[in-house]
Structures are given as structure tokens and as C-alpha cells.
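K.L.:
Sequence:
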Amino acid sequence: MNLSSCRQCPRLADFLDQVRVDSPDYFARPVPPFGVADPRLLIVGLAPGMHGANRTGRPFTGDFAGILLYRTLHRFGFASQPESVSADDALQLLDCRITNAVKCLPPQNKPETAEIRQCNAYLRSELAGLPEGTAVLALGNVAHQAVLLAQGLKIKAYPFGHGTHYQLPSGLSLYSSYHCSRYNTQTRRLTAEMFEAVFADIRHYLDGPSLCPTSTSASPER
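134 is the number of the first residue of the sequence shown in this note's numbering; add one for each residue after it.
Don't take every hint at face value.
The list that follows gives simulated cross-link-like pairs (lysine to aspartate or glutamate, EDC-like), each with its CA atoms no further than 20 Å apart [as the list claims (entries may be wrong)]:
id, residue 1, residue 2
1, Lys243, Asp147
2, Lys243, Asp150
3, Lys243, Asp196
Read the hints as simulated data drawn from the structure, not as lab findings. All values reported here derive from a predicted model rather than from experimental measurement.
All chains should be built: construct the whole structure from the sequences, respecting the hints.
P.N.:
So this is what it looks like as C-alpha cells:
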């Protein structure tokens, strides 16, 4: 599967063709994962944002959603710096990799069900390469369900909720959070404290309490 030349979803491919015409300096192609090849933490988002990853070519880079994500990654030792502004800045992920359930920018940021399923083969391949014990963080319900689909699991058996944690049959450890979108953070459906609490759980799972920074929240909201 060649991600960079993928056109398996006609609506998304045609939309990106138009974006490249309208904004020739934008990346406007399927956005590849970013981070280390052998992560202890894989983060799964929804899809590239128009003026974020679709512009820069790197997940959660250059848009509002990346502000809280990269700041929290840095706080918990998964990123070398707290801000991600461009694909060629000095930021490096540490023991971490970021990908999306859908690799192409969807119109109105809403991929269709068929597109999520079509793109799931890429996520399935990414998950298959992870060893037992790897933590997977799904940002939002679509990403949560995409992980379960890629693992061949029934969605009803693993319901989404902020702060949920499931040990999957494959040996992966699935954590989920509300997406760090502008809407969720500005309406305070997701606060920095809630987001940090999920990362505190992940860091505790990976390394134990001694290496986990103290979160500003007592516990994640379930």
C-alpha cells in the first residue's frame, strides 16, 4: 500500500485535487504518521485538519488541536518541545508516534463511514507492527472505533468514553480521550486537566508511578 499516492476514496481524492489548486503551497496529500518507528505510545486522531496537517504535512501541526496535544506530550516526556509549528522544526517525538484514522483531509472535517473503513487497512498495518504492551490513545469516538475495527473487535464490547482503558486481546492497551479539538477545549468538554489525567494513566501504565509527572487533575472523568 503506497499511502502517498492513495486515491482509494474518490470524494477525498477529488477534494484534495481542488485544495492543491486553491492552495498550491499546502501539503494536500495523504498525511503519513509522525514519530518513532517502534513507539511505546501510538496516538490515533481523526483526520488531517485543513490548515493543520493538510497544510504542513505533519499530524496535529500548525492548527489549534495540536496546541494542547504537543504541550501535554512534552509535559509527559513524549516530545522534545511543547510546540509544533511546521514539519521541519526541531520537534522530535520520544517513544511516541502519531497517526490518523483517516489519512486525507475530508470536507467539513467529516469523513464518511465508507472512507473510514477504506482507510482502515493503513491503521490495521500500523497496529499489527506494535508489540504487546504498547499503549494506543484514541482521540475521539471515530478514532476509538477505527482502532477496534482494525483489531477485528466488536465496538459494543468496548464502548467509548473519556478516560476509558481496555486491554485488547492482541496485547495492546487502548486508552481513549475526547478529541483535543478547538470546539471541545473552548466549550470545556475537554479541559487540560482531563487530558493530562489520561496521559498520567498512560505514563503510569508504561513506567510506573515513579516516572510519571504529577497531573493537575486528580482523576480522569469517566
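K.L.:
Determine for every hint whether it applies to the structure shown.
P.N.:
Hint-by-hint comparison with the structure:
Of the supplied pair hints, the one linking Lys243 and Asp147 holds, its CA atoms being roughly 15 Å apart against a limit of 20 Å. With a C-alpha separation of about 17 Å, the suggested pair Lys243 and Asp150 falls inside the 20 Å cut-off, and the hint holds. A distance of roughly 17 Å separates the Cα atoms of Lys243 and Asp196; the hinted pair therefore holds under the 20 Å criterion.
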